[in-house]
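Taken in order, these protein sequences are the chains called Z and Y.
Per the working numbering, the first sequence starts with residue 12, numbered consecutively.
Per the working numbering, the second sequence starts with residue 12, numbered consecutively.
Careful, some of the hints might be misleading.
Note that the list lumps identical chains together, so a pair holds whenever it fits in one copy or between two copies.
20 Å max Cα-Cα, derived EDC-like pairs, lysine to aspartate or glutamate [stated by the list, open to error]:
{"id": "1", "residue 1": "K86", "residue 2": "D219"}
{"id": "2", "residue 1": "K86", "residue 2": "D174"}
{"id": "3", "residue 1": "K309", "residue 2": "E344"}
{"id": "4", "residue 1": "K86", "residue 2": "E187"}
Derived from the structure by calculation, the hints contain no laboratory data.
None of the values given here were measured: they were computed from a predicted structure.
There are 2 protein chains.
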Amino acid sequence: MARFSVDYSLNARDPADAKDKAFEICVEQSVEFPFDLVTDPFIRSEVVGQTESLRKLKSGRYIAHISFHDDTAGKQFTQLLNVIFGNTSIKPGIRVESIRPSAAILDLYKGPRFGAQGIRKITVVNRGPILASALKPLGLGARELASLAYRLALGGIDLIKDDHGLADQRFAPFRERAARCAEAVARANRQTGRTCAYVPNVTADSADVIARARFAKANGAAGVMISAMLTGFDAMRQVANDPRVDLPVIFHPALAGSFTASAQSGIAPGALYGRLARLAGADASIFPNYGGRFSFSKEDCSSIAENCACRMGAVKKAFPMPGGGIGFQNVREIASLYGEDVILLIGGGLFRQGPDLAKSIRELRRLAACFS
Amino acid sequence: MARFSVDYSLNARDPADAKDKAFEICVEQSVEFPFDLVTDPFIRSEVVGQTESLRKLKSGRYIAHISFHDDTAGKQFTQLLNVIFGNTSIKPGIRVESIRPSAAILDLYKGPRFGAQGIRKITVVNRGPILASALKPLGLGARELASLAYRLALGGIDLIKDDHGLADQRFAPFRERAARCAEAVARANRQTGRTCAYVPNVTADSADVIARARFAKANGAAGVMISAMLTGFDAMRQVANDPRVDLPVIFHPALAGSFTASAQSGIAPGALYGRLARLAGADASIFPNYGGRFSFSKEDCSSIAENCACRMGAVKKAFPMPGGGIGFQNVREIASLYGEDVILLIGGGLFRQGPDLAKSIRELRRLAACFS
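In isolation and in its complexed conformation, chain Z is listed as follows:
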């Protein structure tokens, strides 16, 4: 019978203490019941998590590799997340370092429908970094945002996404915005002969997520963006699997920051933005780049890129999509870190270069092409 597993790092005084703490995770994440009161032999031996291995990471810190019976996750993504980190998220000093789905779980969730290669086909950027920007600021009307989208597409950007703060506000209601922006980008594409992709933000309440994603598809969007911590991860999975949406999905990290605020607790950036996001269907994963206004280190970012591309059964690779305070002055360094398989997301930094967006985008492409 199949089991999936999770690597947890934890604080412990010595190997015996680490073993005890790992066993506490085994119990907490499965039966959540005093083990000595569990009498059923099947529950004791199969349902309760099992420490498969334990190793010292550094003084006072250990890695426990713990397996769980596939059936504990009950074929629901919410419950899989619950087994991975539900109650243990509330315990101090324990971090999810990696997630290793079983073959059955990989078969159930499948991951990205398009993957990085699919996004290359849609944008027709066969090699090199894909250049992306964002429609903002919040408060502009749908016509103004569409006009900005038109100028960006005409200027040669590869992908345009809504700012994650554009929801369904009266300033630019979702349907009007998505339809106008998709139309504006299509118009620019007809002029340039290029294939710039427009990706609206479909983050919304409950059933509105899938409704907006289907509207986006029907109105010419080339992908959709979802802040999965706001909607719940399963809403992203549902959109990624919906045959009527049939578009790449970009994961946005809004509200996810608390999971990566500490190296001692939460979920490691590679596990969250790479493995979990892919498992839930993300074709690209937005994360805060190092050196900008957020708190990620260069190592965090490298780990995310690795986990977006690492082997995980037949699950497709996703694009890492660093953003958040990337300026022209550090594009060269950033591009050389990620190599060519990346979507570079530049919002404010691009607009700061001045009103000639075409010129700025040409310069951006020149700077980003240094990876080879």
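Position chain Y relative to chain Z; hints supplied.
Quick look at chain Y alone, frame taken from chain Z:
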């Protein structure tokens, strides 16, 4: 025009630095665009967040009270959460300390349908702590769980909830479990003349949440439990507002631990388990009690209880529902901390007392009655 507001604590060297950092939050949580590039006067003056006040909390730490235009939240709970903490969650050293919804937002979300008083009516526990226990361990069949529910109800417990790890696993599929347990509790109630409430866990993927909640209602459940960080908060709000569900909702903290792992970042326990949970419709809020196996302090727990009961427009009070490692030896102390308006959740600690559940529950009630 109305604005809602949020109190953030933040690290700063001095008042000038604190002012700069507060302004960064104002921009990040609204336009997410370099302020000097924002030209529209309405966006500059209204859409961008505003620091209403700033005060020193202690050396190096300040509280910024920041207001946002109601329209930025766009009448969607996901977007309200996004404005409160979306991208700022990824910045180091900033914590949401309190949330102050505007009258318009309170009118939109309304909060708990039943509230603490409604739960008292349903359980017919007119005063004193309500005693709750949980069905576990995961791995038992639906008949076994129903048998346990029957014994707990017969023994005099006031409220029985599913363990949050009971989802829809093959061991005890949701519909069979919910129907059997509700029936077993009703049978016990007919024998005792009491009104024990059964609350199944309806945490599930996307549309399944509301479907399970409606099934629960149709099959005699007295409430439903939702791990809102797994489903997304809006799924809980939707269930709380659904006329076909029409049951009290209990919020469970699975996966929410990373938000309260640090006093310097995330969301303060009172804001998360009290104000946010209530705003999203929770009639009771489960949280890890101090002194158990989780990481909350006594002050955290007091703050949650205060924020479950504090004035927030016409939003009803919710019951604080501490659980997680409560043993008989500390029931007296715990009950005296919370006073009578509390649901005491005791799972493993109750079963540890031995097989005579009725006797243990009598003893528990005696210990818990010390609040006066």
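Taking the hints in turn, this is what the structure says about them:
1. K86 to D219: between (23 Å within a copy, 12 Å between copies)
2. K86 to D174: between (33 Å within a copy, 18 Å between copies)
3. K309 to E344: Classified as within: same-chain Cα gap 11 Å, cross-chain 48 Å, threshold 20 Å.
4. K86 to E187: For K86 and E187, the Cα distance is within 20 Å only across copies (17 Å; inside one copy 37 Å).
Of the numbered hints listed earlier, not one is contradicted by the structure.
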